[in-house]
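*Asks:* One letter stands for each residue in the lines below.
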Amino acid sequence: MRLETVLPSELLVVWKRKGVIWPRYAKLSSDNLEAASGLIEVYKRHIGEKKGVLKEFVSELEDKGYDYRFVRGLSFLLDRRSVFKCSDKVDPIELRRKIYEATEKLGLPTTSEQRNRIIETVALEQKLTPEMVEGFFYADLGSELILEKFDVLPSHELLEEYNLSLTQTLLFGATELNFTASGNWQRIFYAIKRLGLIYEASRDGRFDVKIDGPASLFKLTRRYGTAMAKLLPVVIANPEWTVEAKILWEYTNEICDFKIESWRHRAILKKPQLPTVSYDSSVEEDFAQRFQALKSGWLLKREPDPILAGKQVIIPDFSLDREGITVYIEVVGFWTVEYLMRKIEKLKKVNVNMLVIVNEGLACGKLADLERHPQLNIIYYRDRVPLPPILRHLEEAFRRVQAKQEDLLVGLPMIFTEPVVNYEEFAARIGVSVEAVRKALTEKAPTGYTVMGNCLVRKDKLEQIRKKIEEQTSRTGRLPLFVAVKIVETEGLEDAYGTIETLGYKIFWHGISTEKAEVIKPENKNM
Amino acid sequence: MIHLWFDKGTLLLKGEIGTPYGKWDPRVGCYRIKAMHYDDVLTYLEESRISYQDEVQKLPPLEPLKCSVALRPYQKEALTKWRHARMRGVLVLPTAAGKTYIALKAISLLKLQTLIVVPTLDLIDQWRKRVMECLNVEAGAVGGGENTVRMVTVSTYDSAYLQAELLGNKFMFIVFDEVHHLASPSYMQIAEMYIAPYRMGLTATYERSDERHALLPQLVGDLVYTVNVEELAGKHLSPYAYEKIYVKLTPKEQQTYDNQMAVFKSYLQEKGIVLKSAEDFQKFIMITGRDRRAREALLARNRALKVALNSDAKLSLLANQLEAHKDKRTLIFTLHNDLVYAISRKFLIPAVTYQTPKEERREILENFRSGKYGVIVTSQVLDEGVDVPEASVGFILSGTGSTREYVQRLGRLLRKVEGKQARLVEIVSKETAEVTISRRRRQKRTNEA
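Sequence order for the protein chains is V and P.
Everything in the first sequence is counted per our numbering, starting at 2 for the first residue and increasing by one.
Everything in the second sequence is counted per our numbering, starting at 151 for the first residue and increasing by one.
By construction, these hints were calculated from the structure, which means they are not laboratory data.
Wrong hints could be hidden among the right ones.
Below, computed lysine-lysine pairings styled on DSS-like, alpha-carbon distance capped at 30 Å [stated by the list, open to error]:
(1) V:K90 <-> P:K496
(2) V:K56 <-> P:K158
(3) P:K158 <-> V:K260
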């Protein structure tokens with residue numbers, strides 16, 4: 002999050018109208034692309050030449066109809082991709098010292114003869130020619146430096162980088178920032194905290210965050226603009242975002258609105274490269290790997306979406322999901338009792354199931370103090386996060402929710418009309434777990450329905466299927482299994498074998514191949 | 151129980167009461183108070199007999215001081231005035247009148263953690279040296295790559311501003327050198343975000359052209375003492391002579407000047423633009439971003455002024471003058487770096503600009519002080535603060551119209567040395583806009599200094 006590629010404010014170009022401000026972005030038009038590639042070309046051609054000479058060519062481009070701030074802005078960004086070096090043959094500082102000393106000894110030169118004498122004396126002493134002494138006198142001065150290396154980039158990327166820099170420079174003057182983003186929250190909030198900013202979050206359909214700083218309470222201040230500019234890349238590294246800001250425009254001392262949105266501006270802004278998400282600690286990584294290997298039926302997610310607690314957010318390390326039930330996990334390394342207390346305070350505001358995994362060895366407070374807080378589900382660990390207590394907690398949470406749902410289902414009048422009631426679909430429809438539905442429906446099947454594997458089947462439907470199979474078996478008393486399965490599946494039932502057997506038929510396996518298996522009509526057709 | 155603590159340049163107060171200084175912050179559910187009101191809040195709580203727990207201060211350890219400063223009568227008077235104003239306030243003294251010593255004496259009286267805020271890195275060096283000499287304690291420094299906080303710490307305005315969140319609760323006394331800087335919109339936050347109840351501002355030029363010095367009383371304290379150059383010249387400051395020498399541009403220079411100025415003036419006339427104030431000029435600069443002709447006009451004006459400011463005629467006159475003052479310690483001031491380097495190359499003398507590497511700059515100044523180098527040429531970087539007691543001749547080859555710049559440049563020559571007669575010479579191109587610029591800078595001099 003360094004700002005070395007952000008333009009100095011004198012190169013900021015804006016449009017401002019009726020209290021709205023926006024940077025004069027460089028469209029990726031053929032004109033602008035031409036200017037960009039022209040400049041890149043100038044840099045490429047001047048490798049090995051003086052910076053002063055290079056800059057003369059740059060200023061020539063300024064006079065070709067482009068805004069000089071645009072050209073200088075691009076050139077500023079290209080300077081950051083360049084390595085300017087002083088020739089290492091002579092150390093100019095050392096050379097100057099010798100010259101000044103010679104001047105003191107021989108007297109300040111007021112004629113060119115006197116001056117030449119000093120230069121020659123130094124040249125002789127340093128084993129250089131007088132021309133070299135002149136040449137190296139200020140060889141370390143900005144304009145005298147030699148362009149040694151230049152990191153070429155495509156012209157459209159230069160324009161995109163320019164546009165991002167313009168945006169950040171404008172944000173230097175921001176008094177307030179509002180944004181929403183499609184993800185990356187843990188990183189965003191970490192950056193907010195590290196930059197000394199204050200946020201207020203709200204959720205109204207989308208998740209909105211308002212940013213300012215501690216002293217913003219007293220007056221509008223640009224103080225936090227730099228921090229906001231540093232935050233921008235983390236926000237817009239997401240695929241979807243909206244960023245709004247209040248800009249205090251110093252020249253006219255007015256507050257202007259600024260807004261950019263991903264669908265409009267993504268294409269012209271450089272997409273910031275953030276390092277890939279790494280785990281905060283190896284403990285977390287180890288836990289995630291072992292937990293996933295268990296295939297427990299719980300879906301583990303890193304950096305879940307934030308949980309809103311008042312205007313603050315909680316971003317747990319992990320979320321575990323199973324059939325609509327979510328349990329959050331936070332792994333705490335270094336901690337104090339006060340820290341965990343604050344966590345409890347925050348958690349009290351929200352109704353979530355949070356499991357805090359605490360490093361026993363790194364405790365710096367009395368553990369006993371915590372035991373009195375039943376809101377906090379704490380599991381201690383030493384080297385590795387223990388899985389059994391977590392699984393127990395998950396099971397318990399699952400069972401608890403399930404029991405609640407079963408109670409709910411018992412109270413529900415179960416009246417169905419459709420021929421097949423699939424547990425999974427039904428559970429999803431009423432928002433409870435499949436297990437709860439299975440339990441409720443198996444124990445007390447609604448009248449007129451038969452339990453059949455993962456679903457209920459209306460009895461007349463079952464009768465229909467039986468008739469179809471009977472028709473086929475009436476002649477020989479047997480039927481290839483695959484034909485029977487087809488009949489059942491055509492009627493929309495999933496568990497074909499189960500249905501066939503429920504109807505009183507028997508399956509005979511002649512070897513392991515399903516092709517040879519047969520369905521046999523039993524002698525007594527009792528259901 | 152009321153809890154009071156420091157939060158990123160502000161104070162937070164948690165408890166069942168508010169204070170006249172606090173404001174409810176709904177973002178965190180506490181009262182938030184400007185750090186500068188720290189002392190006021192404590193006084194309020196105590197007078198209201200409210201018990202509180204104060205976790206604000208995070209002070210570096212105290213170190214023993216040994217003060218070896220003897221103040222001159224006017225310095226003593228200044229210090230007394232400041233003490234009578236509850237150890238808050240601004241002292242206005244001409245450069246070279248020994249402001250530093252008043253501050254050092256104040257530190258030795260208070261014996262509290264002190265931050266000294268200065269405008270430049272050179273001044274950090276200088277103050278640290280002084281602290282060592284006069285208080286016999288090593289000073290910490292924040293700025294220029296260094297970051298050590300000690301009982302006495304010196305910082306630049308920039309670092310004090312940028313690190314207010316970290317440094318705001320580490321000092322009880324704060325000294326603002328060249329305090330007129332403090333009134334700018336950003337630097338004033340230093341005053342607001344630090345808890346230090348005791349404050350001292352020092353300057354030779356209290357007034358600002360933007361009138362913002364009106365903010366200083368609430369930030370640092372009232373203007374408690376003023377003394378001007380005339381009152382001290384001779385006895386405590388070196389007597390000085392001022393001289394203006396006009397040079398004529400060479401015919402070729404004059405032609406270029408006239409042509410370029412004509413381009414500028416005809417554009418203004420055509421558009422009916424009048425440039426009277428700095429604000430007018432700022433607006434004009436904004437137009438140059440949109441209007442190519444305006445930009446061409448501006449560039450023409452800059453070229454014309456550059457010819458006038460950097461005229462060859464000036465350099466030949468300078469050569470004569472240098473010849474005449476051969477063994478005097480001499481400073482040459484210019485506006486642009488180009489001219490600094492041109493002079494450095496022509497006369498083979500050391501140059502100090504903002505581009506000069508830090509180590510080389512230290513070395514040059516040290517050698518100038520010790521007398522190893524007799525003449526140095528500099529742009530605006532040395533206007534403020536750097537002490538060269540022996541410098542006795544100054545040449546102003548070009549400058550802005552700012553009175554402050556003039557006073558400060560003059561101040562470089564006024565440090566009292568027995569028998570020294572300071573001489574400030576301005577070299578101005580005749581029949582150019584430079585004549586007006588030069589007049590402007592000396593206009594308000596007497597009532598300011």
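*Asks:* Would the pair K90 (chain V) and K496 (chain P) pass a check requiring their Cα atoms to be no farther apart than 30 Å?
*Replies:* holds, 24 Å
*Asks:* For the pair supplied as a hint, K158 (chain P) and K260 (chain V), is the alpha-carbon distance within the 30 Å limit?
*Replies:* holds, 28 Å
*Asks:* Is the hinted pair K56 (chain V) and K158 (chain P) satisfied, with a Cα-Cα distance of at most 30 Å?
*Replies:* violated, 42 Å
Violated hint for the displayed structure: number 2, the only one.
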